[in-house]
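K.L.:
These protein sequences, in sequence, are chains A and B. The numbering of the first sequence is this note's numbering, which starts it at 1 and goes up by one. The numbering of the second sequence is this note's numbering, which starts it at 1 and goes up by one.
By construction, these hints were calculated from the structure, which means they are not laboratory data. Please note: incorrect hints may appear among the correct ones.
Said to hold, decoys possible - Chain A stretches covered by chain B per the calculated footprint, using a threshold of three residues with CB under 8 angstroms from any CB of chain B:
1. 56-69
2. 120-133
3. 208-219
4. 227-235
To be verified - 30 angstroms max Cα-Cα, derived DSS-like pairs, lysine-lysine:
5. A:Lys96 to A:Lys111
6. B:Lys102 to B:Lys153
7. A:Lys152 to B:Lys155
8. A:Lys214 to B:Lys47
9. B:Lys155 to B:Lys91
10. A:Lys64 to B:Lys57
11. A:Lys152 to B:Lys91
12. A:Lys263 to A:Lys94
As the list claims (entries may be wrong) - Computed beta-carbon distance windows for the label pairs:
13. B:Val163 to A:Leu213: 21 to 29 angstroms
14. B:Lys84 to A:Lys263: 48 to 56 angstroms
15. A:Lys94 to B:Lys84: 51 to 59 angstroms
Since this is a predicted model, take the numbers as computed values, not measurements. No residue lacks a Cβ here, since even glycine has one placed at the ideal position from N, Cα and C.
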Amino acid sequence: MLTYFISVSIRLIRVIRVLYYNFQMKIFCSFFLFLILSLSHTIEADSIGLNTIVIDPGHGGSDKGSEGRDGLLEKDAALQISLSLKQMILNDLKLKVVMTRERDTDVSLEKRVELANKSKGDLLISIHTGASYSEGLGGIRVYYLDYEEMRKELASGEHNNGNGTAGGENEEDDLSIILKDMTHSDYANEGTRIAELIQKNLSEIIPDQKITLKPMPALIMKDAEMPAIMIEAGNITNPDDAGRLRNREYINKIAGAILNAIKEYNGN
Amino acid sequence: MKKYIFVSILAALSVSAVVYLYIAKTDIKTAPEKSPAIPLPKSEIQKKDITLYFSSKNEEYLVPEMRQISLNGSLENQIAEVLKELTIGSKDLLGIIPEGVKINKVRIEKNGMLSIDFNKELRDNHPKGSWAEMMTIYSIVNTITKNFPDIKKVKFLIDGNEVDTLTGHIDIRKPLAENMEIVRK
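For reference, chain A alone in the conformation it holds in the complex (with noise of 0.2 angstroms):
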């Protein structure tokens, strides 16, 4: 009876030992977490600079997107505004451009986020064209990342991690959730700010488009390691959205107003 008394409390001590190190070791983090967060925002505040920027053509190859009734083909338009951006880039703000596609090729999702990340980018740009149900929508669309959806998923570990490891018991993943987090809501906040600068000046350039902002949970955005904004360009579903996009005039209006807000929040 003895025995047993002495042996239970002996584990009693060492889960209370196991759970004060893991309390102890959660405060240290936290601390050394928080530290890192704001050595990184003062350094940040000193330099925002973009080196390079990642224009991602949506679709491709046999990945027609969306379709226009008077077959005007999503992948068309988003290359044609993408080459139109590069161009702009290059010739007035001297940076490093990197395209997902330069033609007309199938690049899946995966390979275009393993090109955007492995490049080092700045900040990524996803071109598209909208499609609707009703032929008689029109309108651009800028989108940022839907953080908070995000943000659920990581809460539940199941963001990127095929094992699902549950329980979390594991400092090292608490630890990675919490960075993963941290980074992201900065990319998510700096992708706001970006998509705000492009709806402003898409605005002030074709003042007669309704221009929207909202927010999504798109696989690129969420797993780019960057600020990423996302754009549909006018809904090739309405015959008149569709007779703008094949527009050169418009396309390079597009591709203007997203200079300038690169331009507005790189600060030059």
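Given chain A, put chain B in place with the hints provided.
P.N.:
Below, chain B alone, put in the same frame as chain A:
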């Protein structure tokens, strides 16, 4: 004399037996006549108030629509019934499940997760705009989580296969929880 008594008893017995059988028979006969009357109120009880999420006419947000439908069988069957109702569409709102969409299989997994296997028409007949994709996905997810509170997350499959996105935008690699941010009343 004894013979008469015996015969009369036998006759009486057989008559009463016949009468009894007749009554019993009519009882059995009347029983099925009564039985159709029983399921009527029963099916009325089984009719449930269901909330379906359709799109506003301007395709900007989801709007709930109440409907009464009868739900029978297993939970999986009931979910399939509700999904079918969603594919039928709405009078006042815009249905955002593409034409020809069929549900191959509905399966309840562990931890409050549900997997729905759609045929490829969900992808192929979709307009393929990213906001339209968002609306289609969450009209399904929200409709299920709203009507079946035990289901917390919905995983999409297309013809039995896992997919990264429906038409190239929204991440559906993992099961999705409800999104009430895009709902307006």
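K.L.:
So, for every hint listed, does it hold in this structure?
P.N.:
Outcome of the hint check:
1. 56-69: n = 6 at 8 angstroms, threshold three: holds.
2. 120-133: Satisfied; 6 residues make the cut.
3. 208-219: Contact hint for the stretch 208-219 of chain A vs chain B: holds, 7 residues under 8 angstroms.
4. 227-235: Per the Cβ count (3), the hint holds.
5. A:Lys96 to A:Lys111: holds (19 angstroms)
6. B:Lys102 to B:Lys153: holds (20 angstroms)
7. A:Lys152 to B:Lys155: holds (15 angstroms)
8. A:Lys214 to B:Lys47: violated (38 angstroms)
9. B:Lys155 to B:Lys91: holds (28 angstroms)
10. A:Lys64 to B:Lys57: holds (26 angstroms)
11. A:Lys152 to B:Lys91: violated (34 angstroms)
12. A:Lys263 to A:Lys94: holds (11 angstroms)
13. B:Val163 to A:Leu213: 21 to 29 angstroms: holds (28 angstroms)
14. B:Lys84 to A:Lys263: 48 to 56 angstroms: Taking Cβ atoms as reference, Lys84 (chain B) and Lys263 (chain A) lie about 52 angstroms apart, which means the hint holds.
15. A:Lys94 to B:Lys84: 51 to 59 angstroms: holds (58 angstroms)
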